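Take the sequences, apply the hints, and build the full model.
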Amino acid sequence: MTSQINVALIGMGSQGKEHLEAAQKHTKINIVAGVESSAEARQALAQAYPNIRLFNDIAALKQASTALGLQGLILALPHHVYEHNWQDILAFNLPLLKEKPLGRNYQEAQDFVLQANKKGIILQTAIQRRHHPSYKFLREYIQQEQLTIEEIHAHLHLGKKPQAPQASNTEKWRDLRLWSGGGALLDTGYHLVDLLHFLIGPFELVSATIWGNNKLDDGHIIDDRAWLTARVEQCWISMDTWVHGEEKSEQVMLLTNKGLLTANREGVELNGNRLFSTQKAWDEAMLKQLSEFAHNIEQPKTQDETIWEQLPAMRLIEEAYRLASRY
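Under the numbering used here, the residues of the sequence shown are numbered 485 to 811, in order.
Among the clues, some could well be false.
To be verified - Listed below are the simulated SDA-like cross-link pairs for lysine to any residue, each with C-alpha atoms no more than 20 Å apart in a straight line:
hint, residue 1, residue 2
1, Lys-584, Leu-662
2, Lys-584, Pro-562
3, Lys-584, Ala-610
Stated by the list, open to error - Okay, the calculated beta carbon distance ranges per label pair:
hint, residue 1, residue 2, range
4, Glu-803, Glu-624, 26 to 32 Å
5, Ala-525, Ser-691, 40 to 46 Å
6, His-704, Ser-775, 39 to 45 Å
Think of the hints as simulated: they come from the structure by calculation, not from any bench.
Just so we're clear, the structure is a prediction, and the values are computed from it rather than from any experiment.
Even for Gly, the Cβ is constructed at its ideal location relative to N, Cα and C.
What follows is the structure, given as structure tokens:
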């Protein structure tokens, strides 16, 4: 029988619940405790997950960590909360799986990594697309066929309907640039930047146009759409990330020396011919992510390799915001 790995989930909102659902299907990762500051939310969670011990803050969880036999922490807190709680989180001295983005800006992301390194704590960022079967196949196909790529066009549209901010909205922190760090580019755009780093490696930003509520970014708005142009060697790259739109959609198109290669979460095609098909759902990607976390816990090392790919992603996003706000 596979030995269980006991972990705690700090932050049990919508992203946290995705980890809860995935852990229930995982053979090793066992979420035995959670931190949720809202009494009302804790009551609902207690009914839905009676086997998980709930705490109202990180300090209370820390006092019970030894008795719970904790071996790792999954972090899914609002972006601005980490700044004041990072040292308390590191005090557990346990491997960490943190929801993206790594930080609200490059400096904060770098500080988180350096502080974790200083204490010898493994820090892994939760980025699902690099674990999805379609994109893993695409990366392997590019490498195996030694393709030359001339152009890449990638988009990720969430297809959400515009909604006016509400005072009672529990996600209201996302409407404040200081707290959230940014909007569409830092949220959905982070996935695109990371995915392209995963597929082809680092690239250089050329230009950025960022909008929020039909206004150009001035350094303060919460953006709902971003267009980035970049380049690597002989390849031009365009990225379009959009919170709204008529429908939810994502795709990566690569013009190669063997023709047009396209991929999304349902499969990969070359010149219209299907090379690979898979399920669109995140189930397998989430499970593989948890398996990687389990490996990080069981096989201690200096640092999770993918963390070093997150800092360049943060730097490129921050540069995009800087460029766009100048205009």
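Tested hints:
1. Lys-584 x Leu-662: OK: Lys-584 and Leu-662 at ~17 Å, within 20 Å.
2. Lys-584 x Pro-562: holds, 10 Å
3. Lys-584 x Ala-610: Holds. Lys-584 to Ala-610 sits at ~6 Å (cutoff 20 Å).
4. Glu-803 x Glu-624: 26 to 32 Å: holds, 30 Å
5. Ala-525 x Ser-691: 40 to 46 Å: For Ser-691 against Ala-525, whose Cβ atoms are near 42 Å apart, the range 40 to 46 Å holds.
6. His-704 x Ser-775: 39 to 45 Å: Since His-704 and Ser-775 have Cβ atoms about 41 Å apart, the given range 39 to 45 Å holds.
Comparing the model with each numbered hint stated earlier shows that all of them hold.
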